[in-house]
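4 protein chains.
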Amino acid sequence: MKRIAVLTTGGDAPGMNPAIRSVVRYGVNKGLEVFGVFRGWWGLINEELKLFNHRSVSGIIHEGGTILKTTRCSEFYTDEGQDRAYQTVKKHSIDGLVVIGGNGSFRAADIFHNKYNIPCIGIAASIDNDINGIGTTIGSDTAINTALCAIDNIRDTATSMERIFVVEVMGRESGFIALKVAIASGCEDVIIPERKFNLEATCHNIINGNLRGKISWMIVVAEGAGGAVDIAKQITEMTTLETRAVVLGHIQRGGRPTAFSRILALILGQAAVDCLLNGKTDKVVGMNAGKMVEVDFKVAIQKKQLDVDGLYNLIKVLT
Amino acid sequence: MKRIAVLTTGGDAPGMNPAIRSVVRYGVNKGLEVFGVFRGWWGLINEELKLFNHRSVSGIIHEGGTILKTTRCSEFYTDEGQDRAYQTVKKHSIDGLVVIGGNGSFRAADIFHNKYNIPCIGIAASIDNDINGIGTTIGSDTAINTALCAIDNIRDTATSMERIFVVEVMGRESGFIALKVAIASGCEDVIIPERKFNLEATCHNIINGNLRGKISWMIVVAEGAGGAVDIAKQITEMTTLETRAVVLGHIQRGGRPTAFSRILALILGQAAVDCLLNGKTDKVVGMNAGKMVEVDFKVAIQKKQLDVDGLYNLIKVLT
Amino acid sequence: MKRIAVLTTGGDAPGMNPAIRSVVRYGVNKGLEVFGVFRGWWGLINEELKLFNHRSVSGIIHEGGTILKTTRCSEFYTDEGQDRAYQTVKKHSIDGLVVIGGNGSFRAADIFHNKYNIPCIGIAASIDNDINGIGTTIGSDTAINTALCAIDNIRDTATSMERIFVVEVMGRESGFIALKVAIASGCEDVIIPERKFNLEATCHNIINGNLRGKISWMIVVAEGAGGAVDIAKQITEMTTLETRAVVLGHIQRGGRPTAFSRILALILGQAAVDCLLNGKTDKVVGMNAGKMVEVDFKVAIQKKQLDVDGLYNLIKVLT
Amino acid sequence: MKRIAVLTTGGDAPGMNPAIRSVVRYGVNKGLEVFGVFRGWWGLINEELKLFNHRSVSGIIHEGGTILKTTRCSEFYTDEGQDRAYQTVKKHSIDGLVVIGGNGSFRAADIFHNKYNIPCIGIAASIDNDINGIGTTIGSDTAINTALCAIDNIRDTATSMERIFVVEVMGRESGFIALKVAIASGCEDVIIPERKFNLEATCHNIINGNLRGKISWMIVVAEGAGGAVDIAKQITEMTTLETRAVVLGHIQRGGRPTAFSRILALILGQAAVDCLLNGKTDKVVGMNAGKMVEVDFKVAIQKKQLDVDGLYNLIKVLT
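Protein chains in written order, with my numbering: chain A, 6 to 324; chain B, 6 to 324; chain C, 6 to 324; chain D, 6 to 324.
Worth flagging that the hints you see were computed from the coordinates, not collected in a lab.
A couple of the hints might just be wrong.
A pair holds if it fits inside one copy or across any two, identical chains being indistinguishable in the list.
[Stated by the list, open to error] Simulated pairs of lysine-lysine, DSS-like, Cα-Cα distance not exceeding 25 Å:
# : residue 1 : residue 2
1 : K219      : K35
2 : K296      : K321
3 : K308      : K296
4 : K309      : K296
5 : K35       : K308
All chains, please: the whole structure from these sequences, using the hints.
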């Protein structure tokens, strides 16, 4: 193992930059040559890569996004695309890949390794925290804090104007972000894909609360559980109370990574390089319950079961 | 003038709380008794008010929203509503009102003063900065910084994924917020009600830029100039490039007021009380070009002409 | 167990308010009457307490500090003080105490329980994260992010003016905060009580780096490992290069709690009430490696051994 | 005028980067060639400069500090230094300089222009806002908001622990920052160089307040009016109440520029280039009461008289 390459693929997540920094600097420190590949798999296919050194990753530790850029590259899913990516790897004598991304990234890395026998190690970076077997992904702590801060702002208006708000947060199929920000912001209710939701019961509560003088109401909804705009409309219809929808959208993807997201990224960068040096492949490195874990690609890409009971029930009690 | 009352009406704006603090404490310092009226005109109509003292406004200077709460009260626009409001004023021997709000608030205050001869002074608080004759309203600096911060976040993804983003900001009929955040965030273009916009020319630029390698593109649109979702759709159709819409929405209304919004609020609170003490009425107090001004209600509620040329042209040059 | 009381003692930490919220609302939900005691043990000694309800803890989840206020109360360490505190407990038929605080708080609670047999459960809240047996205390994630944000700011000047900075962070006897912010901010070096530090070697590195053109340098020092002012002076003397000291100080204690600090606080509030309901006493509830733990007061107050090797070595590699 | 150069000198200020961006892009747009000079006058002396283009200033609008770096360069104050700087200017056929900085920068530019007849235009960038004739400098709005945010944090502890805090803010000889953050944060008192301060009267107020139950107290002190540590010590002695000092220090210099600082910087960059194109020299461009002004170097570097009465008296009334 003398030369490795690092790429970021799929949706960007805050903390990808410190992860790149760690792979490059730790790799160089271990005597490796480290390439930075631009735009994920696209960069391998189109031979857009560069030998990085210590200075290549200076001043990026606190920046959101990824200096390597990232794409969702459909060309990779063709034989020709994969062959061209492999030609780049061979041409530059790259012995191993560190792939920073989410489920789609690891699925692709799995294909690539199986076909060309190039060792691939994944680093779980995704605001949605939906990688099976991994407790916390790079970026999710940041996204949660960004969404929380936005909801704190909205609550100022909700309280001052005594309105009902439905706030939609990111998370794809997962209610992870929604659950966290709902409890942390003191929201009155949360709608997540993991749990059936009884909108009529909620409207009943709203009407009853309204009669007792409780007029502002905040509901967080995961994007995978329905659109905020639709839900707000239904609540207006059922309660005749003015209800506003806010879709937080892409502000949740960017911004400076939190301390947690940065430190996790730095540790996992080191772990990924160590895996390659130890002859491992087809693993995602991550943290689970405070411990380092290595999860097979095939396991990591399966649907993650989110244990929602604790927080979900606590929300109901605390509001 | 022995007793005055302060109310907040219309949409909330960050800085209303320091304005309340200033009216109450400066008023008390001048020997007045100061009532806080809850929920704007509704509170006068329904006799929801309270004698405030120095401590009533402790610990609120840095809080968004308004501790007095605010409503848009249709009942006030009936004779009965107005009479009931006046009964409250008479019953509590209130000699003057400080009305913190926007255009609708001053229109109502104008009616109230004309009918019952109760002196009314307005304080311009509105994130939209759309009060005629007033340079800067309380809250607009905060809203601009909140929107700017959100766009900084979005740019991380726009740059990393090389996407086109259309970001809709608040401002009602005014392009004020849009213009400010567009230039401050280094956006590629801005769409405001004050200027015709040629979407085809922009799409042409995007396509040309794309050929030269410039792939990320950020366009800010004022809510009064069209919906971000529609515009994004049109751009996708015209350019065949993936374009995302983000509607920043109510996050722009809340949050801790900036230093500028707080200090403006504190100064205007003092000025409003001084106006009442000096026997004035039917004026909005505000700042214009660094100087205190007093603008007649009838002037303040006219459509404000925004001078957009300087910033609009500079945006075109700097992108 | 029908009536419980909650108090905050020792240094304040961001997240104490959501912890109070959780104890009160979860307790009420379980059928308990919950008293809020003001100013920690002082409030028991001076009978300053109040029956709280659901509304008493509204609108505090996002606020730093503690609405119950907190003191370091020397009077409690006298027989008379303890007796008076017990009189208050007896008079109000309080069956159990939830004590939110740090080491000193649990030492006091241990004394109180041993002497009067009143069940006491502790919740670990301390920015220093120095409670033995507890992985993460309420407030430490917030303090780390606040310090990190401050250091991000300082780095702008360090880079622009090419200066050496020594930044002192809080943490008492522990290098926990220092280690976290040093790695997360990409600092060049860190000085913590847990490790000997060779200032001469560092100065040697600085001089060598300087010759290679690396002129800005950032060193984080834990307050327990020496003063930033002294260290900066020594570096100036050894290297003849201008070196600045910044002591971050009390900004690290305050501010809105992060999502992590809030959620941890809410969960631990529930856990503490459950402990009391289950007849437990003399335990600190906390999280360790993602799992709930209950640690005896006597264990919790012992000196916590911080495992610094992983992060400390990684800092050396990544800079 | 075909070629110009831009440099940043003196202390860095948030907004220098957007100012550079504006000078470069607006200059290029006007058909000029624009050099970026590194490390201020040092870069002219040592011929460290580079021809910039549109892309050279991409992605910097939201960054604190200055990509051109800055030094306080004593060598410039020698004949030899000045001659070498002039050689660089001549060698690269530079027809004019834009100097972004503060008083020292304009004094140097004045010398340079007088000696070699190279047109020099200054842009006022300084967190201290101490440029005579200029209402607001680039960076001061950002520094005020950073200090304010820090004081908001400290107040959480001041309130929770009921302590007295003395917080020292930057501002050199000027009480500008101190005055703004004191009023905006709701501080109890402020100590500035422009006004005599009676510490005994304040201690008297503290003791009296203490007797009435007001225990927390926050005093902002300008660095030019005495050290926070000393003042805190004196208060402790006079009142016997525990008093803490916090020196905010260099966190105030860095961080992302606010919308106001960015927009001001962008406008002034344009104005500076226009001045050079119009054959002007020895002027500082700036804003005063919402209007563009051009102030002679000789006037700009005189001691600025700060009109403190309005805010100073209002602070006394509102606390």
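Go through the copies and call it for K308 and K296: within, between, both or neither, with a Cα cutoff of 25 Å. Both ways: K308 and K296 sit 21 Å apart in one copy and 23 Å across, limit 25 Å.
Is it within, between, both, or neither for K219 and K35, if the alpha carbons may be no more than 25 Å apart? between (61 Å within a copy, 22 Å between copies)
Cα distance capped at 25 Å. Does K296 pair with K321 within a copy, between copies, both, or neither? Classified as between; 22 Å across copies, 31 Å inside a copy.
Same-copy or cross-copy closeness of K309 to K296 [CA-CA at most 25 Å]: both (18 Å within a copy, 19 Å between copies)
Could you place K35 and K308 in one of the four classes (within, between, both, neither) given a Cα distance threshold of 25 Å? Classified as neither: same-chain Cα gap 35 Å, cross-chain 36 Å, threshold 25 Å.
Hint compliance for this structure: hint 5 is the single one not met.
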